[in-house]
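Number of protein chains: 2
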Amino acid sequence: MVGQWANSEAIAGWEQRYRASLINSISGYKPANLIGTSDECSGENLAIMSSVVHLGSAPPLIGLVIRPGSVDRHTLRNIRRTGCYTINHVTHDFYAAAHQTAARYPDAVSEFDAVGLKSERLADFDAPFVAESPIKFGLKLCEEIPITLNGTHFIIGEVVHLYINEGLVNAFGDLDLQAGGVVALSGLDRYYITELIEQLPYAKPK
Amino acid sequence: MVGQWANSEAIAGWEQRYRASLINSISGYKPANLIGTSDECSGENLAIMSSVVHLGSAPPLIGLVIRPGSVDRHTLRNIRRTGCYTINHVTHDFYAAAHQTAARYPDAVSEFDAVGLKSERLADFDAPFVAESPIKFGLKLCEEIPITLNGTHFIIGEVVHLYINEGLVNAFGDLDLQAGGVVALSGLDRYYITELIEQLPYAKPK
Numbered sequence: 003m004v005g006q007w008a009n010s011e012a013i014a015g016w017e018q019r020y021r022a023s024l025i026n027s028i029s030g031y032k033p034a035n036l037i038g039t040s041d042e043c044s045g046e047n048l049a050i051m052s053s054v055v056h057l058g059s060a061p062p063l064i065g066l067v068i069r070p071g072s073v074d075r076h077t078l079r080n081i082r083r084t085g086c087y088t089i090n091h092v093t094h095d096f097y098a099a100a101h102q103t104a105a106r107y108p109d110a111v112s113e114f115d116a117v118g119l120k121s122e123r124l125a126d127f128d129a130p131f132v133a134e135s136p137i138k139f140g141l142k143l144c145e146e147i148p149i150t151l152n153g154t155h156f157i158i159g160e161v162v163h164l165y166i167n168e169g170l171v172n173a174f175g176d177l178d179l180q181a182g183g184v185v186a187l188s189g190l191d192r193y194y195i196t197e198l199i200e201q202l203p204y205a206k207p208k
Numbered sequence: 003m004v005g006q007w008a009n010s011e012a013i014a015g016w017e018q019r020y021r022a023s024l025i026n027s028i029s030g031y032k033p034a035n036l037i038g039t040s041d042e043c044s045g046e047n048l049a050i051m052s053s054v055v056h057l058g059s060a061p062p063l064i065g066l067v068i069r070p071g072s073v074d075r076h077t078l079r080n081i082r083r084t085g086c087y088t089i090n091h092v093t094h095d096f097y098a099a100a101h102q103t104a105a106r107y108p109d110a111v112s113e114f115d116a117v118g119l120k121s122e123r124l125a126d127f128d129a130p131f132v133a134e135s136p137i138k139f140g141l142k143l144c145e146e147i148p149i150t151l152n153g154t155h156f157i158i159g160e161v162v163h164l165y166i167n168e169g170l171v172n173a174f175g176d177l178d179l180q181a182g183g184v185v186a187l188s189g190l191d192r193y194y195i196t197e198l199i200e201q202l203p204y205a206k207p208k
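Chain order of the listed sequences is A and W. What the first sequence shows, in this note's numbering, is residues 3 to 208, in sequence order. What the second sequence shows, in this note's numbering, is residues 3 to 208, in sequence order.
Honestly, I wouldn't trust all of these hints.
Same chains, same label: a pair holds when it works inside one copy or across any pair of copies.
Unchecked claim - With a straight-line cut-off of 25 Å between C-alpha atoms, the simulated PhoX-like cross-links for lysine-lysine are:
(1) Lys206 with Lys142
(2) Lys120 with Lys208
(3) Lys206 with Lys120
(4) Lys142 with Lys120
(5) Lys142 with Lys208
Derived from the structure by calculation, the hints contain no laboratory data.
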């Protein structure tokens with residue numbers, strides 16, 4: 003094989019930022035989502051995350067990995083306090099503003115204001131949505147699983163309110179992320195647009 | 003807001019395939035990965051999954067959601083028996099073969115043979131890699147967390163062998179998925195190529 007190879011010892015010896023960048027990329031393309039939360043004392047919070055994962059559709063469950071001690075900590079605290087949060091898709095129209103929510107703003111600063119995105123309240127839900135986002139949903143916290151191996155948290159939520167802009171879902175339930183302008187993410191900082199190659203039929207043994 | 007809205011009751015009332023398709027899409031773009039495992043009795047197994055998530059880079063930990071009672075069950079059994087598995091990126095050259103691994107083949111059939119992908123053994127690792135894949139890694143099982151809410155399993159593994167084709171990683175640890183031809187997935191069956199919009203700088207308060 004021509005290329006690079008590394009085992010555990012080699013990976014552990016890499017310079018920290020090099021390792022963070024590369025290991026954050028090896029899982030493949032990731033979703034770019036803004037997590038919206040609020041807190042009675044400190045107001046609204048918005049944070050970009052790329053660790054959302056589908057868990058099941060009946061009931062509709064979504065997983066989210068939150069890191070300790072990072073800018074994610076306000077998000078985690080607010081989810082624990084209110085039991086709810088929103089997930090909002092990021093598009094090519096506002097990916098730079100979405101990325102900027104990763105900066106370490108003081109607790110009292112709303113990232114909506116700081117980066118220039120509009121907070122939207124829907125269905126009396128106790129967490130803010132992103133007005134600019136064409137696909138967004140509100141979740142009720144179901145379970146928080148501590149991952150003791152590295153101090154992260156696996157948050158499981160049920161989708162209780164789902165909003166999708168006109169024309170993005172067909173009669174079969176296919177959601178057209180490309181038409182919605184939704185971006186994909188790689189590593190920590192690379193944003194991509196996409197182009198559909200093909201929709202394949204349900205796989206059966208030939 | 004112009005568009006579609008649904009709450010919990012509406013989602014629960016959707017026709018099953020419609021709900022599965024839509025809820026599988028709402029998390030955003032997903033990685034397309036082939037999971038390679040082996041078993042002394044039944045041989046090698048290969049299964050496409052889109053639920054790989056980054057957990058941390060030091061140590062390099064990767065999460066994987068495996069569903070119960072599906073074609074994933076051979077993968078889960080083999081991971082439990084051997085304590086190891088591989089994750090292999092899917093490219094535009096073989097996405098259709100990768101998708102075909104989702105068919106319900108008998109246990110004794112190797113999906114490598116059934117779909118026409120080449121099994122590759124590297125570093126005496128006890129699970130098969132996909133020869134055609136430009137980015138692939140072997141993992142040691144660290145922890146299996148049962149998700150009792152819906153009977154899925156969250157598998158946590160540490161990357162112990164990493165292989166990346168020549169020219170895909172720069173001096174900063176940035177992995178070029180686009181140059182590798184890696185595809186992104188949406189829902190259950192839509193495959194996408196990508197195009198980089200921009201790599202953004204580390205976000206700091208302005």
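Hints the structure violates: just list their numbers, smallest first.
1 and 5
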